[in-house]
Amino acid sequence: MINARLYLMQRLTAIAMLPLIITHLVVMIYAINGGLSAEEILGRTQGSIGWAVFYGSFVLFAAIHGAIGFRTILYEWFVPNITVCSVASIALLVILSGLGLRAVYAVTWL
Amino acid sequence: MSYQTITTDILILGSGGAGLFAALHAKKQAPDLSVTIAVKGLLGKCGCTRMVQGGYNVALAPGDSVERHFMDTIEGGKWLPHQEMAWTLCQTAPERIRELENELGCFFDRNPDGSVHQKAFAGQTFDRTVHKGDLTGIEIIGRLMEQVHARGINKLEEHRAIELIVSSNDGRIAGVLMIDMRSGEFVLVRAKTVLMATGGGPTMYRYHTPSGDKSMDGLAMALRAGLTLRDMEMVQFHPTGLLGGEGTRMTGTVLEEGLRGAGGYLLNGNKERFMFQYDDRGERATRDIVSRGIYEEMRSGQTSPLGGVYISMGHLGPDMVASKFSGMVKRCADCGFDLAGGLVEVVPTAHYLMGGVIVTPDTRTEIPGLFVAGEDAGGAHGSNRLGGNGVANSTVFGGIAGDQMAEEASSIQHHAEPDQHLIDQAIERNLNPMRLNGGSIHEIREDLLNTMWEHVGVMRNAEALSQGLTKIRALRTELYATGIALKARSFNMAWHEWLNLESLIDTSEVICLSALARDNSRGAHFREDFPEAGDLNSSFFTTAHQSRDTYVINRRPVEFSRVKPGESLLASENALPEEVIS
Amino acid sequence: MMKHRSHPLWKAFLLHRISGLALALFLPIHFVILGLALEGASALNTALAFSDLPFVKAAEVGLILLLAIHLLGGIRILILELTHLSWDQQMLSRSAFGLSAIIATIFLWSAL
Amino acid sequence: MNSNAKTLTVTVDRFDGDTHYQTTHEVPTRDNQTVLDVVTWIQQHDDPTLAYRFACRVGMCGSCAMNVNGEPKWSCRTHVSKVVSGDASLSIAPLRNMPVLRDLSVDMSEFFDKWTQAVGYFVPTKTKDDPLSEITSDDRARAKANQSIECINCGICYSACDVVAANDAYLGPAALNRAWTLMNDERDGARQTRLDAVSGDAGCHNCHSQHGCSTYCPNLLAPASSIAGLKRQTLMNLLPWGPSDD
Ligand SMILES: Cc1cc2nc3c(=O)[nH]c(=O)nc-3n(C[C@H](O)[C@H](O)[C@H](O)COP(=O)(O)OP(=O)(O)OC[C@H]3O[C@@H](n4cnc5c(N)ncnc54)[C@H](O)[C@@H]3O)c2cc1C
Ligand code: HEM
Ligand code: SF4
Ligand code: F3S
Ligand code: FES
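So the sequence lines, in the order shown, correspond to chains A, B, C and D.
Here the first sequence stands for residues 732 to 841, numbered as in the numbering used here.
Here the second sequence stands for residues 262 to 843, numbered as in the numbering used here.
Here the third sequence stands for residues 6 to 117, numbered as in the numbering used here.
Here the fourth sequence stands for residues 4 to 249, numbered as in the numbering used here.
I should point out that these hints are in silico values taken from the structure, not numbers from a laboratory.
Hints should not be assumed to be uniformly reliable.
What the hints assert, rightly or not - Simulated pairs of lysine-lysine, DSSO-like, Cα-Cα distance not exceeding 27 Å:
id : chain 1 : residue 1 : chain 2 : residue 2
1  : B       : K380      : B       : K585
2  : D       : K131      : D       : K147
3  : B       : K380      : D       : K129
4  : B       : K591      : D       : K147
5  : B       : K591      : D       : K85
6  : D       : K85       : C       : K8
7  : C       : K16       : D       : K129
8  : B       : K289      : D       : K129
9  : D       : K85       : D       : K9
10 : C       : K8        : B       : K591
11 : B       : K585      : D       : K147
12 : D       : K131      : B       : K289
13 : B       : K591      : B       : K532
14 : D       : K147      : B       : K380
15 : D       : K129      : D       : K147
16 : B       : K380      : B       : K591
17 : B       : K289      : B       : K380
18 : B       : K585      : B       : K532
19 : D       : K131      : B       : K380
20 : D       : K85       : B       : K585
Generate the whole structure from the sequences, applying the supplied hints.
Shown next, in the form of structure tokens:
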């Protein structure tokens, strides 16, 4: 099911996400104080290449990491067929990175 | 009755140290021949080699020598060993240890300087026992087993050998008849050469240490095939078997020798030490003496509640005991006993059978193509086996058998024609309990175990032995009138219990007869009516073979082919020190 | 019958898996909402206003809890697998869970 | 255990080759009684059709493992008083994750096939004509090998692992534990081959550190740690800068 390469990718992306998620969480705690508004979010992020790279890489890491994990769970708990699981996980990868990058584009570019 | 036929080149019965070693050697020698192991349990997961705790005797260290190991073996066996076998054992052991370590992957405990650690074991003049903690057997069989699994050797697991089948033309071995215990079907495995390595196993005593799969099937088959056995009166008792009462399989399992060596006390029912009444060394006397001491105490009624004596370690400090004997303490704790601080009830327990089939030092028997090695073969130990010589014996001779079988099988064109009459007869005999009305074989078994313990046990005399003989014969009659209620043959444990019992009764009778025939006391065999060892120079060993329906016991003189009583192969010393347990 | 699962580390595994799965399934929704910014701040605001509803809030706090659980539990696994530190895994998983609860509480606090 | 109880109610999961069913037995209690003794009593006195397996009786052969109250145990060394609940009942079933042959006897052949697949056997670099390797008693790699060596191939860890249950191909904790032991054996000549064998689709990376293996191993081995060791070592192979595994 999982071989060394997939394993490595899952662990590397997990490690890479650590600082990203922690930063995100801290910022969110800070931001959430007083309620979240679109203007606030966008005001902070729009036009910032830094945030674009930050969230862009997060999206890709999360997509890879999540897709590999999803594939395993699907196989072990639901569909014990490697091809089906791989296709589904690639679909998740595409959806996550597609929607994610679109969101990053939306909040940082306009 | 129909049966299935399987054909192989080399067939091995049993997967202990002897069987597995033979398979590996045979496959290595003749990779193109098919090698098949048939075993009563799962491959490598049954038999006694796995249960070896103490270790493996081998002359490796500077100062030790094959000669010294040999002299200890001869002295320990009270001049009864077959000297060429004992010599082969001692001489080949170093090579086997190197093979186990370098080729098969065993790893034995080391000294700080990187050399292999060798500990002291009872009755030896040199610390020569190689070991892996106190689980040496697991290391040895674990490694052998995984090699066998990896090397394309055929397995017939849960196959019970029931009859050696020879050819009607020339008496050569033609194969072995078995029961596939899972399906209950009969299977004839035809082979060019056969090794019998079913490991003896004196489990016909109330208290015994060997694994539950061993029931002397091999020796019973050998008797029926007309082979001659030797030294059958020589049953070694271990002094400290766990006593857990009736209805538990824990009873009889061994508590290690080292406990007494480390200073453990044996206490009788009054909680008093008693061993100094029997020997100056107290609890540290040799196995046979301690066993007899305990037996005396039990006979005089000074027993613990379950009828044995106590072993007590607490005075050495429970923490020290728990750390030094952690495996043993945990085992006892799992089963509800406090070995480190409390009293544990113990009893002498039948441990090893020195007797077995007469073979040549290259494991050949009177039947061409049939080889015997390990505990099934007699001769190497004489009247007593040194602790640590058991596994050396099975691995040394198993390997030799493998080489011999490969060589012989390679030179044979065609399989011998099995004697159909023998097959039919054997199937009939084994189906007999199925035809009779079901009865309680359990009680027959209990009777046999008690009879052997009471009449043919630690201490013997003519009267008790003759009574024992009568009882054993009566039990055979009873067995043959008692059937198995459960008629389905697949996974029928009751049927196999019946067959076990048949083998045990046959061999019990032989043990009893041989004990009657030895009118002196040597090693494990102690006659209260003949307590002296007798003249060493005219030492004899007993032989037993079946002739029609009776067992014939004879004596043959021991051949002192290498050393005579009073002499030694060791230049500097003539007499060896008394055995001591360290 | 499934008593072999009744030890703390199996539960830690289960929690890690459920949280990871929930995250993987929630993230697309999160991204869709943020993507609404493409249609202008007002659309995003409408969506975010939705998040003022109590049950949505609860769900969000739950999600933060899951994220914290997964993150801290993940750190535990990384320590176990990739380092030689032989820390007590049961202790680690309990602490990870405890800490996650604290983080989620802080979030709840801030969000109120 | 309820000391007043004279009998124990034992439920056994049975399989006769076609159908699965359960039987219930009233077994007399004794002071010294293991789960193996209970099973033996049932077979000898109540139901001769019951099939089970044992050999050594002392925790060395690993033949007697079964599920006791839902947990995999060696039956010969499990005292009844340690597993019986207040209502003096006991449930016994075969090990999981191996095909049941009959009642409590399972087919272990796949378990051992995987052992071989994981190259769980020594590959020599020397012969019997060479002297024994000199390895000091404080050798670090050896100390690590020793930690995982005393395996009795009982299959308990294999039975406790839900990844094995979910993924037929997964080599499982016992075989991987053995592979790790050999990776620490400096005398072995096939370490790269073995590393490849345990890094494939069925290999160590499928383990989710559930720790059922280490929790239930009756010999107190820690296959989970061994598997983590394998994971580190394979990573090292992939990454030149990976964590060192000295
Ligand atoms: C508890 C214990 C501790 C011991 N400690 C030591 C020690 O420290 N040092 C030492 O040197 N020796 C020790 N011994 C003795 C040693 O274990 C034996 O001498 C040796 O292992 C015998 O090896 P074997 O290969 O002949 O037989 P075993 O290892 O007993 O194997 C016999 C095999 O034959 C199979 N078999 C039996 N009947 C049949 C049948 N009808 N058909 C097919 N297969 C069959 C069995 O299932 C088994 O696989 C100990 C013995 C015991 C019981
Ligand atoms: C820094 C943050 C994260 C860390 C440290 C982390 C760590 C890990 C680790 C170590 C695993 C492997 C568990 C195993 O094999 O049993 C894993 C699995 C998984 N992760 Fe993450 N992860 C993080 C973030 C995420 C995110 C954001 C998602 C959502 C997409 C996610 C989804 C998953 C999934 C679905 C699995 C599979 C779970 C399983 O197989 O049981 N993780 N994570
Ligand atoms: S690792 Fe432990 S549980 Fe697994 S097979 Fe070996 S002894 Fe049994
Ligand atoms: S139980 Fe299974 S998941 Fe891993 S830690 Fe043990 S192998
Ligand atoms: S019977 Fe050998 S381990 Fe239980």
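The hints, checked one at a time:
1. Note on K380 (chain B) and K585 (chain B): the hinted pairing holds, with a Cα-Cα distance of about 14 Å set against a maximum of 27 Å.
2. At roughly 25 Å between alpha-carbon atoms, K131 (chain D) and K147 (chain D) fall within 27 Å of each other, so this suggested pair holds.
3. Proximity of K380 (chain B) to K129 (chain D) is assessed by CA-CA distance (about 25 Å); at most 27 Å being required, the pair is judged to hold.
4. At roughly 22 Å between alpha-carbon atoms, K591 (chain B) and K147 (chain D) fall within 27 Å of each other, so this suggested pair holds.
5. For the given pair, K591 (chain B) sits about 14 Å from K85 (chain D) by alpha-carbon distance, which is consistent with the 27 Å threshold.
6. With a CA separation close to 15 Å, the supplied pair K85 (chain D) and K8 (chain C) stays within the 27 Å bound.
7. Annotation: proposed proximity of K16 (chain C) to K129 (chain D) is violated, straight-line Cα distance about 46 Å (limit 27 Å).
8. Note on K289 (chain B) and K129 (chain D): the hinted pairing holds, with a Cα-Cα distance of about 16 Å set against a maximum of 27 Å.
9. Restraint check: the Cα-Cα separation between K85 (chain D) and K9 (chain D) comes to about 17 Å, which is no more than 27 Å; the hinted pair holds.
10. Of the supplied pair hints, the one linking K8 (chain C) and K591 (chain B) holds, its CA atoms being roughly 24 Å apart against a limit of 27 Å.
11. Our distance criterion of 27 Å between C-alpha atoms is met by K585 (chain B) and K147 (chain D), whose separation comes to about 21 Å.
12. The hinted pair formed by K131 (chain D) and K289 (chain B) meets the criterion: a straight-line CA distance of about 14 Å does not exceed 27 Å.
13. With a CA separation close to 24 Å, the supplied pair K591 (chain B) and K532 (chain B) stays within the 27 Å bound.
14. A C-alpha spacing of about 23 Å is found between K147 (chain D) and K380 (chain B), which places the hinted pair at or below 27 Å, so the restraint holds.
15. A hinted pair counts as satisfied when its Cα atoms are at most 27 Å apart, and K129 (chain D) with K147 (chain D) qualifies at roughly 22 Å.
16. For the hint linking K380 (chain B) to K591 (chain B), the alpha-carbon distance of about 22 Å falls within 27 Å, and the restraint holds.
17. Distance check on the hinted pair: K289 (chain B) and K380 (chain B) sit about 32 Å apart at the alpha-carbon level, beyond 27 Å; violated.
18. For a cut-off of 27 Å, the pair hint linking K585 (chain B) to K532 (chain B) stands: about 24 Å separates their Cα positions.
19. Note on K131 (chain D) and K380 (chain B): the hinted pairing holds, with a Cα-Cα distance of about 22 Å set against a maximum of 27 Å.
20. For the given pair, K85 (chain D) sits about 25 Å from K585 (chain B) by alpha-carbon distance, which is consistent with the 27 Å threshold.
When each numbered hint is compared with the structure, violations occur for hints 7, 17.
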